[in-house]
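Please model the complete structure; the sequences and the hints are all you need to start from.
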Amino acid sequence: MAFRKRSGATDRQVLVENEQVPYRGNVIDNNFGGSANTDRISAIAESSDEDEIKCMPAILPTMDNELDPEQIRSRGQILMTDAPPDHYNYTYAVFYLLGIATMTPWNFFVTAEDYWMFKFRNTTINETSDFVPELTPMQKSFTCDLTLAASISGTTFLILNAIYGHLVSLKVKMLATLFTILGIFIITTSFVEINTDHWQEQFFLITLFTVVIINICSATMSGGIFGVAGLFPSHYMTALVSGQALGGILSALAFILVLAFGSAPDVTALIYFIIGSGLVFLSIICYIIMSHQPFFKYYVEGGDKYKILADTPSHSRSVDIGVDLDPNIKEVFGKIYVEAVNICLLFATTLSVYPSVTELMQSENYGKGHAWNDTYYMPVVNYLFFNSGDYFGRILAGLWERPRNNPHTVLLMTFIRLLYVPFFLCANSNAHNFLPVLVHTDVTFIILMITFGITNGYLANISLIMAPRSVMRHEKEMASSIMAASLSLGLAVGSLLSMAFVQML
45 MAFRKRSGAT DRQVLVENEQ VPYRGNVIDN NFGGSANTDR ISAIAESSDE DEIKCMPAIL
105 PTMDNELDPE QIRSRGQILM TDAPPDHYNY TYAVFYLLGI ATMTPWNFFV TAEDYWMFKF
165 RNTTINETSD FVPELTPMQK SFTCDLTLAA SISGTTFLIL NAIYGHLVSL KVKMLATLFT
225 ILGIFIITTS FVEINTDHWQ EQFFLITLFT VVIINICSAT MSGGIFGVAG LFPSHYMTAL
285 VSGQALGGIL SALAFILVLA FGSAPDVTAL IYFIIGSGLV FLSIICYIIM SHQPFFKYYV
345 EGGDKYKILA DTPSHSRSVD IGVDLDPNIK EVFGKIYVEA VNICLLFATT LSVYPSVTEL
405 MQSENYGKGH AWNDTYYMPV VNYLFFNSGD YFGRILAGLW ERPRNNPHTV LLMTFIRLLY
465 VPFFLCANSN AHNFLPVLVH TDVTFIILMI TFGITNGYLA NISLIMAPRS VMRHEKEMAS
525 SIMAASLSLG LAVGSLLSMA FVQML
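Numbering-wise (the numbering used here), the sequence shown opens with residue 45 and increments by one.
DSS-like, lysine-lysine: derived pairs with alpha carbons at most 30 Å apart:
#1 K379 with K215
#2 K215 with K374
#3 K412 with K184
#4 K341 with K379
#5 K215 with K341
#6 K341 with K374
Simulated from the structure, these hints should not be mistaken for lab results. Just so you know, these numbers come straight off a predicted model, no measurement behind them.
Written as structure tokens, this is what we have:
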């Protein structure tokens, strides 16, 4: 928006971007609803006609909530662009890869179900017998315990990151945690070749301990990278969250391909965890390269700072001032609490039934000797179909964001999504003791899984994109970190509910 006042041959123009700017010196607040702002503009308009004062962003805005380039040109305003290009979209691609890396530990631990069932099986039964034994207590509770340990540890450190994360450097958040995750993956891989049949309980506790450590690191890394993504244009946030869903697809595909070779569970897990270690190592290398790119440095070190340029015809004087402020967590949360509640409820709903409840479901033709029904049905439907739907939903939200900037409508849609829970609780399974079976056919269950994934990804991406738009420039990183913490809190609540739901079956 431009305000012009002519006096003789001098033309004074004040340019203000659409985000709020704190009033310091001759930095002008664009919140024109109040009288104080009007007084500031009037005072500038009545000052000396020898100077020309302009307030503008340091880079051409690229997102819909910012000024349109054609509007800027048509208004005759001066546009200053100093952001380097993202060569070959390398930074965008690495955000995708880091999204995969943030979920790699969770996806690979959860998807390797057959391996954990093998490790915690009843070792007193002859394996050559045709008798199908009941699940042991550790087999029944492992997924719930895994989810609970991961969620509580991850949530705690994501909340700590939202409050104190600005005190820790991005390099420590990213590289230290990625190297620790890689080390834990190597340890987990080594356990595949170790016979733990005589100390299953100890191995159970060791596994949960490694899950806690790996999720502390993953949460710290997630909080850091989500905060950084909030500083970039919103399609970089879409890349990050889409990468998380893509990671689920890749882990499911890897597991299914390994199953196709018909190897023993321990051999399958060995190949599987080696692939996971490779993904984490690749993420480390790519992040180190990205951290030295001018495009990445530009946004991390400031990006779109508000700058004042004061020029006089006689002296050609220019002054460049950047405004740096410290965000207040209470103020930031007050602006995005609806989005935070939405993302928390969304993932609490998802984790309450997925994967703890859904992995107990069976094909309607289970036990009839068909490979699809007995071997591939659950990995394909429970993991591949859900994660594919989740990925599609996140991509769709990035391309077609509806509703836009309306968090209350998104929250209503999330409440409606709660209707999925009773259908999954009453799906086909031999684990039912109390609840009736209402979903009998495979087709119905598959449709439920796909749409459950699509709605999860779509609503999650909309909320994560919406939050940084609701705050000022210097609050974006904290807003994104709060959203990551809210997401993890939803995971923790959902994991607690899943334990109750499993017992209800």
